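Undergrad: Here is how the chains run, residue by residue.
There are 4 protein chains.
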Amino acid sequence: MAEQVKIKAGIIGASGYTGADLIRLAACHPGLEITHLTAGKHAGQPLGQVFPHLAGLDLPVLSVTEEADWSETDVVFCGLPHGTSQEVIAALPDHMKIIDLSADFRLRDADVYANWYGHEHKAPQLQKKAVYGLTEFYRDDIAGADLVACPGCYPTAALLLLLPLVAQDLIHADDIVIDAKSGASGGGRSVKQSMLFCEVAEAMHPYGIAHHRHAPEIEQELSGAAGRPLIVSFTPHLIPMNRGELLTTYVRLTEGASATDLRRTLSQRYLDEPFVRVAAEGQTPETRHVRGSNTCLLGIFEDRVPGRAILVSTLDNLVKGSSGQAIQNFNCMFGFDETCGLMQQPLFP
Amino acid sequence: MAEQVKIKAGIIGASGYTGADLIRLAACHPGLEITHLTAGKHAGQPLGQVFPHLAGLDLPVLSVTEEADWSETDVVFCGLPHGTSQEVIAALPDHMKIIDLSADFRLRDADVYANWYGHEHKAPQLQKKAVYGLTEFYRDDIAGADLVACPGCYPTAALLLLLPLVAQDLIHADDIVIDAKSGASGGGRSVKQSMLFCEVAEAMHPYGIAHHRHAPEIEQELSGAAGRPLIVSFTPHLIPMNRGELLTTYVRLTEGASATDLRRTLSQRYLDEPFVRVAAEGQTPETRHVRGSNTCLLGIFEDRVPGRAILVSTLDNLVKGSSGQAIQNFNCMFGFDETCGLMQQPLFP
Amino acid sequence: MAEQVKIKAGIIGASGYTGADLIRLAACHPGLEITHLTAGKHAGQPLGQVFPHLAGLDLPVLSVTEEADWSETDVVFCGLPHGTSQEVIAALPDHMKIIDLSADFRLRDADVYANWYGHEHKAPQLQKKAVYGLTEFYRDDIAGADLVACPGCYPTAALLLLLPLVAQDLIHADDIVIDAKSGASGGGRSVKQSMLFCEVAEAMHPYGIAHHRHAPEIEQELSGAAGRPLIVSFTPHLIPMNRGELLTTYVRLTEGASATDLRRTLSQRYLDEPFVRVAAEGQTPETRHVRGSNTCLLGIFEDRVPGRAILVSTLDNLVKGSSGQAIQNFNCMFGFDETCGLMQQPLFP
Amino acid sequence: MAEQVKIKAGIIGASGYTGADLIRLAACHPGLEITHLTAGKHAGQPLGQVFPHLAGLDLPVLSVTEEADWSETDVVFCGLPHGTSQEVIAALPDHMKIIDLSADFRLRDADVYANWYGHEHKAPQLQKKAVYGLTEFYRDDIAGADLVACPGCYPTAALLLLLPLVAQDLIHADDIVIDAKSGASGGGRSVKQSMLFCEVAEAMHPYGIAHHRHAPEIEQELSGAAGRPLIVSFTPHLIPMNRGELLTTYVRLTEGASATDLRRTLSQRYLDEPFVRVAAEGQTPETRHVRGSNTCLLGIFEDRVPGRAILVSTLDNLVKGSSGQAIQNFNCMFGFDETCGLMQQPLFP
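So the sequences go chain by chain: A, L, D and S. My numbering puts the last residue of the first sequence at 349; the count rises by one with no breaks. My numbering puts the last residue of the second sequence at 349; the count rises by one with no breaks. My numbering puts the last residue of the third sequence at 349; the count rises by one with no breaks. My numbering puts the last residue of the fourth sequence at 349; the count rises by one with no breaks.
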């Protein structure tokens with residue numbers, strides 16, 4: 001291991017929760033060396049000042065993105081907020097591969113992007129060449145990509161569950177209801193009254209009802225699988241916990257299909273996948289089963305209502321829903337085993 | 001107030017969370033005097049030993065139900081677990097009115113009961129005369145009832161929302177999906193590994209998928225409103241918080257109906273109700289808006305999917321979902337203003 | 001009750017947690033009518049927009065303090081942040097009584113104030129006439145006061161415990177170590193990264209070590225009781241919960257004194273006090289025993305270390321530690337029974 | 001790494017939280033192979049049934065301790081409850097090394113043991129040869145030991161902080177007050193009403209006041225360092241979080257000593273230790289800085305009270321306070337680098 005050549009990576013926007021989890025995982029990756037950490041307003045500080053839990057690592061001081069010397073860097077992870085990634089990435093030198101964790105390059109259709117984000121895309125040429133980083137479905141494209149757009153946390157949990165079912169026409173693709181629930185870290189580290197401890201603890205509520213930006217992303221991929229434009233009912237909720245995301249998806253089965261067929265299809269599809277697992281029959285997926293790990297866990301249940309099924313998918317929004325999947329894509333792009341650096345087991349309790 | 005005649009009430013099963021909240025509320029009711037508190041295995045102990053937070057109240061010592069002298073008692077609240085209430089209540093003297101908080105007398109159909117609870121009802125004659133205690137819909141019957149079966153917490157939140165909509169045929173009554181979420185107190189105070197702090201905190205999951213006993217109760221009432229047998233898709237989830245329950249209900253609108261029609265119908269229906277409120281347009285109901293109070297808060301949202309709406313209802317499972325509604329029914333039965341003892345405002349944060 | 005004359009009260013700074021809890025309690029007070037609610041940046045909004053949980057109350061719209069017509073108002077509760085209260089209060093008309101919940105008027109010594117707060121007091125003439133609002137010790141002065149400075153939450157819990165013991169010389173007053181723990185609402189509703197849900201949940205830590213501003217307030221009162229200047233070791237901690245505060249105080253007994261003596265002294269001192277209770281021997285005070293109520297609960301334990309005792313005091317920081325004590329003082333000032341509006345029982349779970 | 005010889009290890013009592021965390025850590029250890037998992041009442045079940053979060057690992061089915069074939073096993077980790085370890089361990093074959101995580105072999109003095117645990121030790125000959133597994137202080141003895149008794153979580157945090165200070169006579173060793181706070185996992189997975197979610201959440205309290213069994217363990221080691229018998233004031237508290245422990249220790253400095261001396265002493269003592277870190281001056285140790293990792297973090301603060309200092313130590317009770325330290329001792333015993341398998345970074349948020 002000592003002689004292994006390490007890929008030199010920079011992390012742009014290292015002061016958010018996504019950045020922190022990237023660093024946590026990268027620290028256990030034998031083939032990844034962090035050479036730059038940038039974070040605008042914290043530039044000049046050691047990482048331990050922004051994230052004391054990472055103070056024990058030997059890492060570069062936080063710097064300004066624009067002032068970095070990228071000449072020796074192979075790849076950049078970009079953890080900036082939506083809307084700011086596109087310009088920053090467009091300004092980076094060409095020789096580096098980019099793994100973007102924001103929403104900026106997930107939507108392929110420029111109009112859909114403009115419609116949901118309220119402005120024209122500022123790097124449309126990059127948007128076209130970006131590969132959607134849902135590893136289990138795009139790993140060949142990812143391997144050769146220059147720019148990978150990692151999926152949102154909700155779309156990851158929704159698509160790993162639904163893509164095989166829609167592709168095989170086992171469910172009515174235009175009657176999908178997704179009730180999504182997430183811990184507070186999904187909201188990032190930006191400072192808002194609504195995310196104060198006292199506002200979130202001992203409380204829960206839906207948010208972004210009928211206008212959450214992960215909906216078009218889910219629809220883009222499901223429409224591709226169905227071969228026709230689809231629209232889904234998607235409602236996220238804020239739950240008083242740090243990490244973890246769980247989607248309960250309500251579907252109607254197509255003529256002749258049963259919950260058993262759904263289970264068989266998903267089990268076969270993910271038989272050789274290290275990070276997607278179908279829970280044993282009768283066992284209910286729970287967020288604590290995957291906390292801190294890169295696993296997505298799926299569950300299939302027959303409903304009492306004839307012809308309906310209740311589907312469950314859960315993952316850690318900061319790992320498989322973000323930084324873990326980014327590392328998984330890194331592994332694809334640089335020829336590592338896909339599980340490299342990602343075999344940490346869930347932390348429970 | 002000093003001269004007001006007080007109704008003498010006993011509480012059977014006073015050592016659970018439901019019992020504790022009954023006592024909390026009763027302590028602020030000017031016309032209710034607690035004369036008996038029973039709790040089998042804690043008999044002989046002062047209440048403050050079981051519930052130190054209530055140690056400041058001057059209340060009778062916990063006693064054994066069977067040994068109580070009920071001759072001066074007007075009414076009994078029964079907070080026993082499901083399945084044990086029916087025999088205990090059947091053995092009580094006739095002169096007392098009964099307000100039962102268990103599920104034992106909620107289902108009117110003996111076969112449905114036997115089917116969901118796995119045994120014949122042990123007090124079928126009482127089952128027939130029990131009145132379903134959803135105050136806003138049965139208050140006239142409740143006023144004259146001898147036995148009131150207080151609804152389950154989920155059914156209360158579901159029915160206050162859906163009954164007017166189904167009755168007016170504004171939604172497709174056979175395509176209702178209810179995603180329910182509850183804090184841990186809904187599970188009661190019984191000691192199970194799955195309810196330990198470390199199993200529940202920083203975690204969430206669905207439970208009782210496709211076989212939760214609140215489903216037939218919801219269906220009984222909705223079927224009544226629809227005039228035909230209905231079946232609903234109902235899935236509850238355990239959320240890491242003490243109190244609070246929120247239902248996100250996904251419905252299809254009938255031809256010509258709009259989300260605005262739903263809002264207007266619910267607003268009119270509850271205009272004069274003190275404990276049911278429709279949230280202002282654009283405002284999302286949250287559990288913290290009702291914590292500790294007897295309020296049920298409703299929200300109506302148009303979905304992006306044409307012809308669909310997303311409905312939200314929230315209440316405190318221990319108050320409007322249990323002990324508060326029991327006091328509200330007590331007020332009906334004994335001629336008090338329905339709000340008597342129930343005007344405590346929500347506790348936030 | 002209907003004919004009772006109501007005292008007309010304004011609340012300045014109504015948009016913080018302290019303001020919300022004042023309104024919650026005042027809503028159940030038969031002799032208090034809220035005529036003004038002011039909150040600078042929210043002026044013009046209905047209260048329900050800032051605090052949806054209070055939307056059911058019929059209250060005045062939020063207004064600007066400086067524009068209010070106070071001519072009919074009898075008393076003002078002031079819930080502004082420390083440092084801003086003094087000027088606002090100095091500018092109010094003379095005919096109103098003032099109940100201040102900030103730290104601005106708690107310290108009697110102008111030099112101590114300047115030393116801890118970093119600036120000269122801006123209303124020194126008012127500072128002199130302010131009465132320290134620890135009701136159980138100053139109720140006679142409070143009854144006649146024009147300006148009452150309600151104690152901090154930590155000082156309330158510390159002083160109710162320690163004042164009788166220091167006064168009777170039962171403990172070594174210069175060897176007191178107070179380890180204080182508080183839920184997050186003690187930090188107020190202002191928006192800081194350190195108070196985000198993800199920073200506070202599943203975590204704890206001390207803060208303000210050796211420079212928390214409640215220390216001089218505790219010392220002022222204990223020094224008065226001891227008859228000589230004292231200094232205490234005081235360290236607060238942030239605990240992942242909304243409400244509740246618990247102090248574990250480590251003391252050395254004076255020659256001849258025992259834990260039993262401490263218990264007897266405290267029990268006698270608070271025998272007739274409605275809001276201070278000594279827990280039964282062997283029963284440990286817990287924050288959940290007082291959540292939402294105006295009670296302060298005390299516990300006394302003999303240490304294994306000879307000559308030492310371990311003392312516990314707990315209260316709800318927003319009630320007895322702030323808004324509840326303010327209402328209690330209001331009752332003193334306007335001739336109500338001290339318990340008026342304050343008999344709500346603790347909310348558990 | 002592939003050819004590395006693996007040490008064959010059994011885990012007795014694998015169904016508790018300590019067992020789960022041992023397995024989590026062991027799964028990332030390149031030189032440790034789990035050959036047995038025993039758990040009485042769960043025998044015959046796959047691990048994934050008891051701990052679904054570990055279902056992805058390829059591990060032996062749970063078995064009965066007494067029926068295991070230990071002939072090929074090199075070492076056993078024992079995670080049984082206190083009081084049951086001693087007999088089980090005494091019955092194991094001699095050829096295996098034992099790493100015990102219970103309290104059974106921590107106290108060297110048979111009388112002290114009998115006094116605190118209420119019965120004579122049942123394996124006194126083993127008690128004599130057990131080595132106290134505080135790695136940083138006993139690593140040479142541990143390397144050659146047959147039986148290592150891993151310290152309790154509180155003693156680990158207390159001793160890493162205090163041993164160097166007592167040894168160098170920088171603090172008055174007979175005036176030490178330790179206020180300890182722990183998350184709920186410290187209480188284990190056994191099912192008790194007091195550990196239910198609704199009893200612990202949104203609440204806190206001290207427990208075991210003046211009789212917690214970690215006190216004699218702390219005193220044993222500090223007495224050794226001081227060269228005379230010591231007694232400490234030690235009070236633990238239950239905090240509503242899963243993992244994490246923080247001790248705030250109040251000390252008096254000896255003549256001439258300063259907080260700076262304490263800092264310098266601790267910094268030097270742990271300069272080369274991978275798992276003990278002194279926080280930068282002014283930075284406060286928090287539990288979230290070490291969650292999930294094997295780090296113990298120390299902080300030193302001068303008190304306002306002349307001659308006093310406030311010391312902070314924090315660790316994850318399940319890792320450095322239990323299973324992580326056990327793996328660290330395993331590394332000592334079998335010649336691995338001490339950090340092997342333990343470099344996972346803290347999980348935040």
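Among these hints, one or two may not hold up.
Here are the simulated DSS-like pairs of lysine-lysine, each with C-alpha atoms no more than 27 Å apart in a straight line [what the hints assert, rightly or not]:
#1 A/192 - A/97
#2 A/41 - D/192
#3 L/41 - S/192
#4 A/192 - D/97
Quick caveat, the hints were computed from the structure, so don't treat them as lab data. Note that this is a predicted model, so its numbers are computed, not measured.
Undergrad: Does each hint fit the structure? Answer for all of them.
TA: Going through the hints against the structure:
1. A/192 - A/97: 33 Å, violated
2. A/41 - D/192: 16 Å, holds
3. L/41 - S/192: 16 Å, holds
4. A/192 - D/97: Not satisfied, since the Cα-Cα distance of roughly 36 Å exceeds 27 Å.
Hint compliance for this structure: hints 1 and 4 are not met, and every other hint is.
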